[in-house]
Each structure stands twice: as C-alpha cells, then as structure tokens.
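Engineer: These protein sequences, in sequence, are chains A and B. At the far end of the first sequence sits residue 150, using the numbering used here, and the numbering has no gaps. At the far end of the second sequence sits residue 664, using the numbering used here, and the numbering has no gaps.
These are computed hints drawn from the structure, not numbers from a lab. Check each hint, because a few of them may be wrong.
Stated by the list, open to error - Computed cross-link-like contacts, DSS-like style, restricted to lysine-lysine with a CA-CA straight-line distance of at most 27 Å: (1) A:K31 x B:K117; (2) B:K311 x B:K268; (3) B:K50 x B:K63; (4) A:K115 x B:K512; (5) B:K193 x B:K208; (6) B:K279 x B:K117; (7) B:K265 x B:K311; (8) B:K243 x B:K268; (9) B:K117 x A:K126; (10) B:K329 x B:K312; (11) B:K496 x B:K429; (12) A:K115 x B:K537; (13) B:K243 x B:K496; (14) A:K31 x B:K50; (15) B:K149 x B:K333; (16) B:K243 x B:K193; (17) A:K115 x B:K117; (18) B:K537 x A:K31; (19) B:K537 x B:K558; (20) A:K94 x A:K126; (21) B:K329 x B:K309.
Since this is a predicted model, take the numbers as computed values, not measurements.
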Amino acid sequence: MPELFEPRIVAFFCNWCTYLAADLAGTSRIKYAPNARVIRVMCSGRVDPQFVLEAFAHGADGVLIGGCHPGDCHYQEGNYSALRRFQLLKHLLKDMGIEEERFRLEWISASEGDKVRAVINDMVEKVRALGPLRKYPVVGGPLEEVAAYG
Amino acid sequence: MSPHDESASPVRVGVYVCHCGTNIAGTIDVHDVIAFSAALPNVALAREYKYMCSDPGQELIRKDIQEYNLDRIVVAACSPCLHERTFRHATEQGGLNPYYFQMVNVREHDSWVHTDKRAATQKAKDLIRAAVRRVKLHRPLERRRVAIKSEVLVVGGGIAGIHAALTLANAGKHVYLVEREPTIGGHMAQFDKTFPTLDCAACILTPKMTAVKSHPNITLWTLSEVAQVQGYVGNYTVTVRRKPRYVLEDLCIGCLECIEACVYKQAKVPDEFNLGLSKRKPVYISFPQAVPQVVVIDPETCIEFKSGKCKKTCVEVCGERNAIDFQQKEEIKTIEVGTIILATGFEVFDARRIPYYGYGVYPNVYTALEAERLTNASGPTGGEILLRDGRKPKSVGIIHCVGSRDEHTNRYCSRVCCMYSLKLAHLIKERTDAEVYNFYIDMRTAGKAFEEFYNRVAGGGMYLIRGKVADVCPAPNGDGRLMLQVEDTLLGMVRKIPVDLVVLATGLEPQKDAQEVRRLFNIGCSTEGFFLERHPKLAPVNTFTDGIFLAGCCQGPKDIPDTVAQAGAAAAESLALVDAGFVELEPNTAHVLEEVCSGCRTCIPVCPFQAISFVHEKNKAEVNEVLCKGCGTCVAACPSGSMQQNLFEDQEVFEEIGGVLAYA
Numbered sequence: 001m002p003e004l005f006e007p008r009i010v011a012f013f014c015n016w017c018t019y020l021a022a023d024l025a026g027t028s029r030i031k032y033a034p035n036a037r038v039i040r041v042m043c044s045g046r047v048d049p050q051f052v053l054e055a056f057a058h059g060a061d062g063v064l065i066g067g068c069h070p071g072d073c074h075y076q077e078g079n080y081s082a083l084r085r086f087q088l089l090k091h092l093l094k095d096m097g098i099e100e101e102r103f104r105l106e107w108i109s110a111s112e113g114d115k116v117r118a119v120i121n122d123m124v125e126k127v128r129a130l131g132p133l134r135k136y137p138v139v140g141g142p143l144e145e146v147a148a149y150g
Numbered sequence: 001m002s003p004h005d006e007s008a009s010p011v012r013v014g015v016y017v018c019h020c021g022t023n024i025a026g027t028i029d030v031h032d033v034i035a036f037s038a039a040l041p042n043v044a045l046a047r048e049y050k051y052m053c054s055d056p057g058q059e060l061i062r063k064d065i066q067e068y069n070l071d072r073i074v075v076a077a078c079s080p081c082l083h084e085r086t087f088r089h090a091t092e093q094g095g096l097n098p099y100y101f102q103m104v105n106v107r108e109h110d111s112w113v114h115t116d117k118r119a120a121t122q123k124a125k126d127l128i129r130a131a132v133r134r135v136k137l138h139r140p141l142e143r144r145r146v147a148i149k150s151e152v153l154v155v156g157g158g159i160a161g162i163h164a165a166l167t168l169a170n171a172g173k174h175v176y177l178v179e180r181e182p183t184i185g186g187h188m189a190q191f192d193k194t195f196p197t198l199d200c201a202a203c204i205l206t207p208k209m210t211a212v213k214s215h216p217n218i219t220l221w222t223l224s225e226v227a228q229v230q231g232y233v234g235n236y237t238v239t240v241r242r243k244p245r246y247v248l249e250d251l252c253i254g255c256l257e258c259i260e261a262c263v264y265k266q267a268k269v270p271d272e273f274n275l276g277l278s279k280r281k282p283v284y285i286s287f288p289q290a291v292p293q294v295v296v297i298d299p300e301t302c303i304e305f306k307s308g309k310c311k312k313t314c315v316e317v318c319g320e321r322n323a324i325d326f327q328q329k330e331e332i333k334t335i336e337v338g339t340i341i342l343a344t345g346f347e348v349f350d351a352r353r354i355p356y357y358g359y360g361v362y363p364n365v366y367t368a369l370e371a372e373r374l375t376n377a378s379g380p381t382g383g384e385i386l387l388r389d390g391r392k393p394k395s396v397g398i399i400h401c402v403g404s405r406d407e408h409t410n411r412y413c414s415r416v417c418c419m420y421s422l423k424l425a426h427l428i429k430e431r432t433d434a435e436v437y438n439f440y441i442d443m444r445t446a447g448k449a450f451e452e453f454y455n456r457v458a459g460g461g462m463y464l465i466r467g468k469v470a471d472v473c474p475a476p477n478g479d480g481r482l483m484l485q486v487e488d489t490l491l492g493m494v495r496k497i498p499v500d501l502v503v504l505a506t507g508l509e510p511q512k513d514a515q516e517v518r519r520l521f522n523i524g525c526s527t528e529g530f531f532l533e534r535h536p537k538l539a540p541v542n543t544f545t546d547g548i549f550l551a552g553c554c555q556g557p558k559d560i561p562d563t564v565a566q567a568g569a570a571a572a573e574s575l576a577l578v579d580a581g582f583v584e585l586e587p588n589t590a591h592v593l594e595e596v597c598s599g600c601r602t603c604i605p606v607c608p609f610q611a612i613s614f615v616h617e618k619n620k621a622e623v624n625e626v627l628c629k630g631c632g633t634c635v636a637a638c639p640s641g642s643m644q645q646n647l648f649e650d651q652e653v654f655e656e657i658g659g660v661l662a663y664a
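Use the sequences and the hints to build the structure in full.
Structural biologist: Structure follows, in structure tokens:
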C-alpha cells in the first residue's frame with residue numbers, strides 16, 4: 001500500500017459540454033490534480049446508477065458526473081434525468097455509508113475549462129480528507145484481473 | 001448485460017501511443033506506457049510514433065492490421081474530438097470495421113493538464129487499460145445514410161451572411177437569408193471607408209446587397225428571426241417568425257413619398273442606423289441603399305398605432321399602390337433545410353461601462369461607430385466631422401482598446417480597432433486638418449498590407465502616444481474642451497492633452513442574445529461568449545452540431561477580409577455536405593434486445609425525441625433509429641438492461657470503469 005493516499009476519481013463527462021471543457025482546459029494548459037479518470041458518455045443522461053455503483057465497487061474513492069448546464073443539454077433534457085438519478089442515488093449511497101462528498105454532479109459548459117480544474121481539485125481535496133473508501137483489497141484487484149484474463 | 005459474440009481465437013488488440021512531438025512525450029513516459037500496454041491481456045502489439053495522425057502514423061495502423069492480424073485498434077493521442085474520425089478511417093482502410101477502434105485522450109486530458117510526470121504516466125496507463133478492455137467488446141457498426149435537403153438557411157444579413165448566401169446561390173442551391181433588421185448590410189453598411197485600401201464600404205457592399213435581392217435562388221426575409229430549430233444534419237425544420245413591416249414588400253416601390261407625407265413634419269425619432277446622431281420619422285427607410293428598398297413603419301412611434309386617429313397621409317399618398325397595411329400580422333414560416341450558416345455578427349462594446357471615459361456624459365465623446373457615421377458621406381453630417389455644437393474640431397483624441405484587453409471588461413483583443421482607429425485618424429486629419437492623437441497600448445496591424453497602411457498613415461502628421469488613457473474630463477480652464485490624462489509610457493511621464501473631440505475605439509462583443517441563439521441552434525460558446533468552432537485551426541467554421549456552420553464575428557472579432565473568407569469557407573463546407581446528397585450519421589443509437597425487454601415502457605417518456613414506441617403485438621419497446629439522436633438516456637433508465645446503445649453498451653462502459661480502476 002502506498003503511504004500517501006491518492007484518491008481515485010472516476011468522472012463521467014458528457015460529450016458536448018464537460019468533455020469539451022476538459023479539452024479546453026487542456027488546450028489552455030490549465031493544471032489540475034491527476035486523480036480523475038474521465039469516461040466519455042454522449043450525455044450525462046446515459047450515466048446509469050449502476051455505473052456509479054460499479055465504480056465504487058471497483059475501488060473508486062469518488063465519482064463525478066459532468067453535464068451541460070440546465071437548458072443547455074445537447075439532447076434537450078438528458079441532464080435533467082441525470083439530476084433526478086443523482087438526487088435519488090445520493091441518498092442511497094449515504095445509507096450505504098458512502099459520504100456525500102464522494103459523489104458529485106456538476107454542470108460544466110464547453111467554455112468552462114477552468115471550472116474543470118476547480119471542481120476536480122476541490123473534489124480531490126475533499127475526498128483526500130475523507131480517506132480511502134475501502135481500506136482493504138477490492139473487487140477487480142490484480143488477482144482477479146489476472147484470473148479473468150487467464 | 002448482453003451476450004457478446006466472441007470468436008474462438010482471442011481478440012488481438014494493437015495499441016498505439018502518439019508522442020505528438022513533445023506535447024505528450026514531454027510529460028508522459030511513452031516507453032514505459034508502451035511496455036505496460038504490451039503486457040496487457042489481448043494486446044498483440046504496442047507501438048509508439050512521433051505523430052500518429054500523420055500519414056506514416058496512419059500507415060502503421062493499416063499495415064499492422066494486415067501483418068499482425070490485429071482485430072482491434074487503440075490509439076492514445078489527442079482528444080477524440082480531433083482525430084477519432086482520422087483513426088477510425090485508418091482502421092477501416094486496414095480492413096477492419098471502423099468501430100473496432102477506441103481512442104484514448106492522453107493529451108488534452110493528461111499531458112497538457114498535469115505536471116507530475118509519474119502521475120501523468122500512470123493516468124495514461126489506466127486510460128489505455130480501460131480502452132483495451134472496452135474495445136474487445138466493440139461490435140461492427142455501420143453509419144446510417146440519410147438523404148440531405150439541398151436548401152440552406154443563412155442567419156444574419158451582414159457581409160458574412162450576404163457573401164455565404166451569394167456563394168451558395170451561385171452554386172445553384174436555394175438559400176433562405178433571415179435578417180432581424182429591416183435591411184441587410186449589417187455593420188459594414190454603416191462604415192465609410194474600409195482599411196487598408198480605403199475603398200468605400202458602400203461601393204463594395206451595396207452591389208452585393210442588390211444581388212441578394214435579385215438572385216432567383218435567394219429568399220430574403222428581413223425583420224425576421226428564427227424561432228425554432230428541429231431535426232438533424234441534412235434535415236432541419238426551422239420556424240421563422242416574420243415581424244410585420246406594415247408595408248407590403250411586393251407592392252412598395254421604394255418611392256419614399258410616404259415618408260415625405262407623414263403627419264410628422266419633423267423627424268423626431270432617434271435614427272437607429274445613425275446611432276441616434278440624426279432623427280427619423282415613424283415611417284422610414286434605414287438608409288438610402290437599404291435592401292429591400294421598402295419603407296418600414298415603427299408601431300412604437302406611429303400615431304395611427306398609438307391613437308388610431310391619424311390622418312394617414314402616408315396611405316393617401318401611396319394611393320392605388322396600397323402598399324401600407326396597418327393590419328399586417330406576424331407571420332410564421334416553416335422551412336426545411338439541409339444545413340445552416342450562422343452569421344449573426346457582433347455588438348459594439350457599450351462605452352458607458354467605462355465611466356471615466358465620459359461617454360454619455362460629455363457630448364463630444366463619440367464611439368468609433370458614431371465617428372464612422374460622421375465620416376460617412378451619407379451620414380448625419382454629410383461626411384463632415386463636427387462637434388455636437390456644429391463646430392469643426394481642432395484636435396481629436398482616439399483612445400484604443402476601449403472594452404478590449406482589459407481585465408475589467410474583455411480580456412481579448414478585438415483585432416480591428418487599431419486598424420479602424422488609424423483609418424479614422426487619417427480621415428479626420430484629411431477632412432479637418434485637426435491635430436489627431438492616437439492613444440494605444442500596442443499597435444496591432446497584422447494583416448496583408450496593414451503594416452504598410454500604418455506606416456503611411458502614421459507618417460501623415462499624427463501623434464501616436466503609447467499609453468492607456470486614465471481619465472477624460474472637462475478642461476480646467478473652462479474652454480469647453482476635454483482633457484485626456486495619460487501616462488506616456490515611452491516618455492515615462494504623465495501627460496495632459498486637451499482635445500475637442502474624443503473617439504473611443506470600442507471593441508467587439510458577442511450579440512446580447514448570443515446565449516439564446518446558441519441554445520436555439522444547439523451549439524456552444526467560448527469563454528468570451530462568441531460561438532464555439534469545432535476546432536480553432538482545423539474546423540474553424542464547423543460547430544459541434546453537424547450541419548451548422550459559423551461565419552463572421554459571431555465566432556470572434558475579425559475584419560472584413562477574414563469575415564468574407566470565413567463566409568466563403570462556411571458556404572463551401574455547406575456545399576460539400578449538400579452536394580453529396582446524403583449524410584452519414586454516427587451509429588451510436590439505442591436499440592432494444594427484445595428477448596430481455598419486459599415491456600415496462602420506462603424508456604418511452606424519457607426520450608426527448610419521441611423515438612421510442614411501444615409495439616403492442618410483441619409487448620416490446622421499439623426504437624426508431626432515424627429519430628434517435630443517441631444520448632443514451634433511455635438506456636440508463638431501462639431497468640432490465642434490454643435497451644442498449646451502440647458504442648456505449650452497458651458492458652463496454654463497465655469494462656471501462658473496471659479498466660481505469662484496476663491496479664497496475
């Protein structure tokens with residue numbers, strides 16, 4: 001186990017706003033914490049609650065969903081679906097003992113490269129303060145992975 | 001979770017990591033990433049290359065697929081928004097289905113945003129591991145082909161919209177040109193001379209305006225706005241709201257006798273075209289060369305609209321032509337177009353936002369656009385540069401960068417102000433022989449023949465003072481002049497310079513309703529609020545919404561040559577789509593696995609496009625692929641996992657999640 005805890009964040013970013021904002025952060029050479037791993041989905045509405053649970057189950061210390069601002073969804077209202085699911089799932093996660101700061105939904109438009117930095121840095125700091133979600137080896141760890149692929 | 005067809009032999013993945021010169025390799029240890037990738041399950045080959053997107057880079061993929069019998073490709077390089085298509089194409093040319101490919105973004109999302117090399121390298125490994133695990137599950141997919149409508153909508157009738165419309169119309173396409181104002185021409189129609197050639201704006205613009213009106217392939221709708229846009233590339237249905245002009249365009253011959261006959265003997269309404277520097281009547285024409293050559297009645301000020309008791313001398317003088325119709329109502333038009341060009345232009349920075357320059361307080365502080373009208377031969381003063389009291393100015397100060405390059409207003413450079421300031425300085429000098437001062441931060445004259453213009457004009461006896469004006473106030477001696485206080489950064493001293501006239505070189509801003517327009521057309525805005533292009537260099541007129549293009553200042557400040565060039569490019573891009581006769585749509589639509597679907601209908605109300613219907617006979621949901629836009633919201637809503645989205649199947653995303661989190 002590493003001595004210093006580095007949070008592992010899985011980020012689901014919508015293709016049209018937040019993914020582009022992260023691209024803009026790149027082209028603007030804005031620096032931020034390297035802890036997030038972005039998974040691209042077409043719309044934040046595609047984020048199945050199971051994705052979030054799967055991420056936590058595989059050892060994510062935090063899950064971030066990034067979508068277009070209300071009213072700006074490329075698909076009109078997918079982000080509203082994301083919001084509703086987020087609200088429900090948040091309570092469920094809390095009951096499972098997963099702190100609120102570990103699960104976050106943010107509206108980040110394609111022009112808000114700096115918000116990507118701010119949100120990821122903030123989330124990493126908050127999750128770092130909470131410590132790892134699991135302190136023991138997780139499902140999908142090295143042994144399982146080797147077994148799965150023979 | 002759906003069953004996947006796995007061939008008997010294990011999948012062979014080829015992983016390619018791009019150096020992007022030093023853009024990626026400077027931060028990420030590419031050799032280490034390659035060694036890691038090569039050891040991943042299913043990876044048959046891992047290679048690095050300096051520039052994967054180059055032809056030799058793509059050739060590597062094509063050859064390796066053949067030589068090493070690869071059946072999946074992963075490229076770790078820049079953003080998929082930039083080169084996903086490039087590499088899918090290379091994969092296809094190598095003989096594989098183009099969707100047997102996954103791109104990993106290790107530049108924008110990694111090497112460019114992190115400084116810790118170890119952490120950045122680890123991130124690249126995690127992302128590649130996820131892609132390898134995901135790409136194994138990819139299925140062969142086909143792009144859908146749909147017919148494209150050949151009509152084009154151009155929004156905005158400034159020089160950008162005019163040029164784009166004419167280019168397309170000349171190529172035989174039918175164009176709808178929609179303009180909000182009563183006339184086309186835009187800001188260019190308000191200018192006097194254009195830099196750097198000093199040819200008159202009207203002389204080069206008005207023939208094009210007339211050509212628009214007379215072109216058989218152009219339908220021109222002025223006083224009109226787009227109200228709704230539906231559909232997708234190739235098949236947009238657009239609703240246009242045509243506001244009443246109260247004058248029938250087909251009947252009015254532009255004799256302007258009604259203006260003469262109006263019961264208002266004196267013009268009393270501030271004239272918008274002259275920025276309030278002159279007055280107009282309630283019935284008016286924006287400017288003599290307006291297109292269409294049709295008057296317009298302003299219901300806000302017309303007595304007939306206010307009281308209903310006007311003598312209607314305008315109707316009387318119009319006589320048998322009967323062109324005036326006070327009953328005219330708003331019209332809603334619905335059109336079908338294949339592509340759309342947005343050329344909605346810019347707004348001039350409101351100089352009142354910088355109070356210490358005194359615009360709106362001191363009468364002889366003008367904006368540059370007002371100064372344009374003063375220098376214009378058909379302007380309110382007939383081209384004479386006059387103070388508000390009618391005197392000729394003896395000294396003039398032009399303040400650059402008003403609302404540009406300033407943390408408190410706009411950080412960006414508006415690009416045209418240095419040049420138009422030099423032009424105005426030259427015209428003012430020529431016509432009044434006044435002392436002309438230019439106060440600049442940096443003189444920016446990048447452009448063909450611009451620097452030569454600067455040298456020529458600067459040599460013409462004007463003062464160029466490098467410094468930002470701090471204050472404009474009345475001269476203390478009470479002679480009615482204005483005192484400019486400026487730190488001359490070349491002399492290193494504060495100077496106070498009295499002038500008669502101040503011209504503020506106001507910058508260019510996005511239109512006030514740019515955000516609403518952006519939503520209407522489902523495109524993005526950059527940080528400053530201008531419409532966002534797909535790529536700043538390689539797709540400067542495309543947007544992220546296929547079939548919608550940008551031209552002119554709605555995309556960012558630019559001068560007339562650049563605007564016209566961009567409008568031509570937008571027209572060409574539009575033509576390229578339309579002329580193909582069909583468009584290919586991404587295959588990332590949703591589909592139902594019928595054997596799993598329980599017929600619960602959860603998916604149906606979440607679809608914003610009414611693409612899902614319920615088939616009673618089968619008790620299953622069904623997706624109409626033509627209507628489906630591929631957001632995947634229904635997939636996330638489906639409780640049984642029977643709704644799946646191509647390229648984003650549950651199992652594919654699960655593998656990606658597992659992949660980014662698996663310990664190395």
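Engineer: Run every hint past the structure and note whether it holds.
Structural biologist: Going down the list of hints, with the structure as the test:
For the hint pairing A:K31 with B:K117, the CA-to-CA distance comes to about 13 Å; that is within 27 Å, so the pair holds. Only pairs whose Cα atoms come within 27 Å are accepted, and B:K311 paired with B:K268 is accepted, the gap being roughly 18 Å. Restraint check for B:K50 and B:K63: satisfied, since their Cα atoms lie roughly 17 Å apart, inside the 27 Å limit. With a C-alpha separation of about 23 Å, the suggested pairing of A:K115 with B:K512 holds against the 27 Å cut-off.
Using a Cα cut-off of 27 Å, the hinted pair B:K193 and B:K208 holds, with the two alpha carbons roughly 16 Å apart. Among the hinted pairs, B:K279 with B:K117 is inconsistent with the structure: their alpha-carbon atoms are about 66 Å apart, more than 27 Å. Simply put, B:K265 and B:K311 have alpha-carbon atoms about 13 Å apart, close enough for the 27 Å limit, and the pair holds. A distance of roughly 23 Å separates the Cα atoms of B:K243 and B:K268; the hinted pair therefore holds under the 27 Å criterion.
The suggested pairing of B:K117 with A:K126 holds, with an alpha-carbon distance near 23 Å, which does not exceed 27 Å. For a cut-off of 27 Å, the pair hint linking B:K329 to B:K312 stands: about 19 Å separates their Cα positions. Among the hinted pairs, B:K496 with B:K429 is consistent with the structure: their alpha-carbon atoms are about 21 Å apart, no more than 27 Å. Proximity of A:K115 to B:K537 is assessed by CA-CA distance (about 24 Å); at most 27 Å being required, the pair is judged to hold.
Between B:K243 and B:K496 the alpha-carbon distance is near 51 Å, which puts this suggested pair outside the 27 Å criterion. Note on A:K31 and B:K50: the hinted pairing holds, with a Cα-Cα distance of about 24 Å set against a maximum of 27 Å. For the hint pairing B:K149 with B:K333, the CA-to-CA distance comes to about 17 Å; that is within 27 Å, so the pair holds. As the CA atoms of B:K243 and B:K193 are separated by approximately 32 Å, the hinted pair breaks the 27 Å bound.
Taking the CA atoms of A:K115 and B:K117, the gap is about 23 Å. The hint holds against a cut of 27 Å. Taking the CA atoms of B:K537 and A:K31, the gap is near 23 Å; set against the 27 Å cutoff, the hint holds. Distance hint between B:K537 and B:K558 is fulfilled; the C-alpha atoms sit about 15 Å from each other, no more than 27 Å. Restraint check: the Cα-Cα separation between A:K94 and A:K126 comes to about 16 Å, which is no more than 27 Å; the hinted pair holds.
Between B:K329 and B:K309 the alpha-carbon distance is near 20 Å, which keeps this suggested pair within the 27 Å criterion.
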